[in-house]
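Asks: Heads up: the sequence lines are chains A and B, in that order.
Position 488 of the first sequence, counting from 1, maps to 487 under numbering that gives the first Met the number 0, and the rest follow consecutively.
Position 405 of the second sequence, counting from 1, maps to 404 under numbering that gives the first Met the number 0, and the rest follow consecutively.
Honestly, the hints are just simulated from the structure, not real lab data.
Chain copies aren't distinguished; within one or between two, either way the pair holds.
Derived lysine-lysine pairs resembling DSSO-like cross-links, with alpha carbons at most 27 Å apart:
hint	residue 1	residue 2
1	Lys398	Lys347
2	Lys114	Lys6
3	Lys347	Lys372
4	Lys347	Lys6
There are 2 protein chains.
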Amino acid sequence: MTKPRLKIIPLGGLSEIGKNMMAMECENDIIVIDVGLMFPGEEMLGIDLVIPDISYLLERREKIRGIVITHGHEDHIGALPYLLPQLDVPVYSTRLTQGLISVKLKERKALAGAKLKVVPFGGQVTLGRFRVEFFPVCHSIPDAAGLIIHTPVGTIVHSGDFKLDYTPVDGKPTDLSRLAQLGAQGVLLLLSDSTYAELPGYTPSERVVGETLDRVMAEAPGRVIVTTFSSLVSRIQQVIDAAAKHQRRVFIVGRSMTDIVRMTLELGYLKAPDGILARLDELKGMPHNRVVFITTGSQGEPTSALVRIANRDHRQVHILRGDTVVLSATPIPGNEAVINRTVDNLFKQGAQVLYAKVAQVHVHGHGSQEELKLLLNLVKPRFFIPIHGEYRHLSLHAKLAQSVGIPKENIFVLEDGDVFELSPQAGKITGKVSSGNVYVDGLSVGDVGSVVLRNRRMLSRDGIVVVIITVNRQTGKLVGRPDIVSRGFVDTREAKDMIEESRDVVARALDHSGVRPAEWGFINTKVRDVLNRFYYEQTKRRPMILPVMVKV
Amino acid sequence: MTKPRLKIIPLGGLSEIGKNMMAMECENDIIVIDVGLMFPGEEMLGIDLVIPDISYLLERREKIRGIVITHGHEDHIGALPYLLPQLDVPVYSTRLTQGLISVKLKERKALAGAKLKVVPFGGQVTLGRFRVEFFPVCHSIPDAAGLIIHTPVGTIVHSGDFKLDYTPVDGKPTDLSRLAQLGAQGVLLLLSDSTYAELPGYTPSERVVGETLDRVMAEAPGRVIVTTFSSLVSRIQQVIDAAAKHQRRVFIVGRSMTDIVRMTLELGYLKAPDGILARLDELKGMPHNRVVFITTGSQGEPTSALVRIANRDHRQVHILRGDTVVLSATPIPGNEAVINRTVDNLFKQGAQVLYAKVAQVHVHGHGSQEELKLLLNLVKPRFFIPIHGEYRHLSLHAKLAQSVGIPKENIFVLEDGDVFELSPQAGKITGKVSSGNVYVDGLSVGDVGSVVLRNRRMLSRDGIVVVIITVNRQTGKLVGRPDIVSRGFVDTREAKDMIEESRDVVARALDHSGVRPAEWGFINTKVRDVLNRFYYEQTKRRPMILPVMVKV
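Work the whole structure out from these sequences, hints included.
Replies: Here it is as structure tokens:
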């Protein structure tokens, strides 16, 4: 008799941060955990979004019993509009997460036909040979869940994104007693969040930010403008609470902030005392020390309210001397430059600006080293796989696990696409499936590949030179001089003589060889060679050279 | 009788970090302080370097008495090869700084004719109505200087880049007693480094890093690879000292590291016990715990030794399991992603990696808030201008100055190009001169302007579509169908049908209007309009559309 074997296949989130997605497979059943997206890196020119490659799942579509979502952040739900229609299975999540998924699907016209199921904390759902239980974890969004997955091979704990906060704003700390209970019963495998495995100590409680906001509202001589992630509902709650305490009214600015405030008020995740929320048309004549704005724009997004305000480009809100701006967020890597520019612009207009480097205005949503160790200690897993992080985060988390006593040979640092097989006694990597980045650019998903990106990269560096070679169809002879047009290469007025000279260079090169349509490949290479050399000598630049033949 | 007036004109370093340069003018004399470069931001596509705009100085060339350089970092000397030949005046600096300037000038073939003068600490040089004295400051390069500038209007103190370190590795702390003495005598104006004005407290002493390196050399089971800035000579000294203590030999890897070690050994800035430095061909057979490498690559530069090692692409050095890699540097903003990738690759090959986030392996070279306050307190200037920083750093530094008692109206936050006039009684901004970024791209300086960059930006996002319209010269009629070639826009095989269809779109549009060479402007616009619309509908992308007319 063969024992059941479990396969764990990370499809995203373990090679780069973001785009979290994982498959678990046991005999004829597959479940999928999270379907996230990633925002493009600097080198992915012109790309709008990056989603996981799910070819492994598409080949086994009939085995998939459902998708389980841990929480409503983009890097856990954002690829659903693109991938759910292809997979067409039920999606299980907590209530707020479901609300956020509906909004996403609706935006992309993918809501029709979607089977979205709400699972309460402590509730269980059976998906083939998997039984999945949701437990509450603290994170920077309400209703975030970790998963307890009962499988024929043993119990698996998946932390989701989590931190420990004994005094969270929404009153739902990570359920440590349930985890301790499981630890006592025996857990086969822990999968745990590595995002902040580099940071020693504990992540401070959200309360610390509450105290700063309280002080700011009390002491600011004028208006207070607070910017944060729209999904960071607990922060919005803290702003409202501090405003209420200091008799300030709250103005919500920006579309996504307005939408999420409305939705979370309706669902009961956000509480606002009567009359505290105000409309912008009530602003006129209000004393400045009675006003708080909550806006989007903490990442320097060019169309966000805060950036428009900083650029004096917002219709309704302008910076006044004496305003205090609070950036209650940390920069997502890659956004530092645009955020710095926004802060500079706010300072230039006379605002006082508080941001993470200079004041305790933000705490992040992931556990630091001591919290990670605590989780390992409570759950006492036999095997451990660090998830959610780049290789260095996973490596450091693996070392933490060793330091609390998990044997080195029971710890596995995986990469996306690895097929990890686990029995109650042992685990090993047994294969590799297609994984990696699928690019969304405009309407199309996946058509932008390495060739298009390589071309964009080349174009971005030194521009393009188009060479038009007109050839007589009958004789194969050149008609007139080659034409040359460039963009992004040189200042076309200043470099006029050089461009003229390069036309002669091409003409001379072709004179020797003669032109025949049949030899186009040869001509093409020759034109590129002589121009590459000529332009590099003249400018030390290497534009893309694109010869085009016109037959007349 | 009119009193002499002093003009201070920052030409770089106050709107963006880097590219430090300032002019001081009194009657018929101008001195220039620092001539730095800046590395291009992400949005400056294809640009190699950025240097200051010196048109103000070129118009007053006969007034310039000399250039004074505070220290040998790129952001203070890097633009000299481009600008010194145009200005052609003597350059004053300390000895090591002069050595580094020679190297830079030689690389760019600008050394011939350069008048480089060494000034010792405590030494003075008279430049027209200015008398300039150099005093030692602690910074992340030896021989860094601050300036005391005696002018007819009063004494000015320029901090250079500085921090306070009472136990510096090279034994030369910032000369506080000279500054206290000046403070007692009366200082008109302090110009002080704002780079780290965001950080509370004190910058730790270099000794902290020495202790970490000592522990690493003692405890590392195998070889140790330390990466740092090649100009951070005190760090190289610390590595050599720690290696010597633990009987390890030191291998220098990478061209720029080798060059600087040779030069600083010769000049006496670096000291190595006999026999400690080894050649790579001596590596074979050495026990791993007797080996230390010092390499370049702390910023993830693609051709640096460390990045080649991380990519298994170095001829002589490969990572072995048990190696410890120390990144003794912090990322310069913008380099985070490539550095992270390098760290990930080192971890993947089994190295233990120590970097600033996880260990005390680096301290930076600029003073934090308490140090800035201490300098203000000692110098007791009547007027204060924060320098070296972006607007938020300057604003925060201005607030620090207020907090130690400098009246708000005596503090001036300037931007590049501001003309600031100062008398013994008052200062004000009286004008603006041309300043900003001059781009170096390949061989040319300044020819890449906003049009070329805008084109590169557009090309980088959605690529280009070239439309070739062949027209009979006599009749003005279209010859054949328009040809269309694209790069970086879509996958040309997958989108073949769409591209074909777009040829018809152009043909139809031109059919209606007829083509006459005289109407090319009109045709050009029309082709771009119809294709823009067509492609956007089909793809939601906006490639650059470049119509080219061929007359036959």
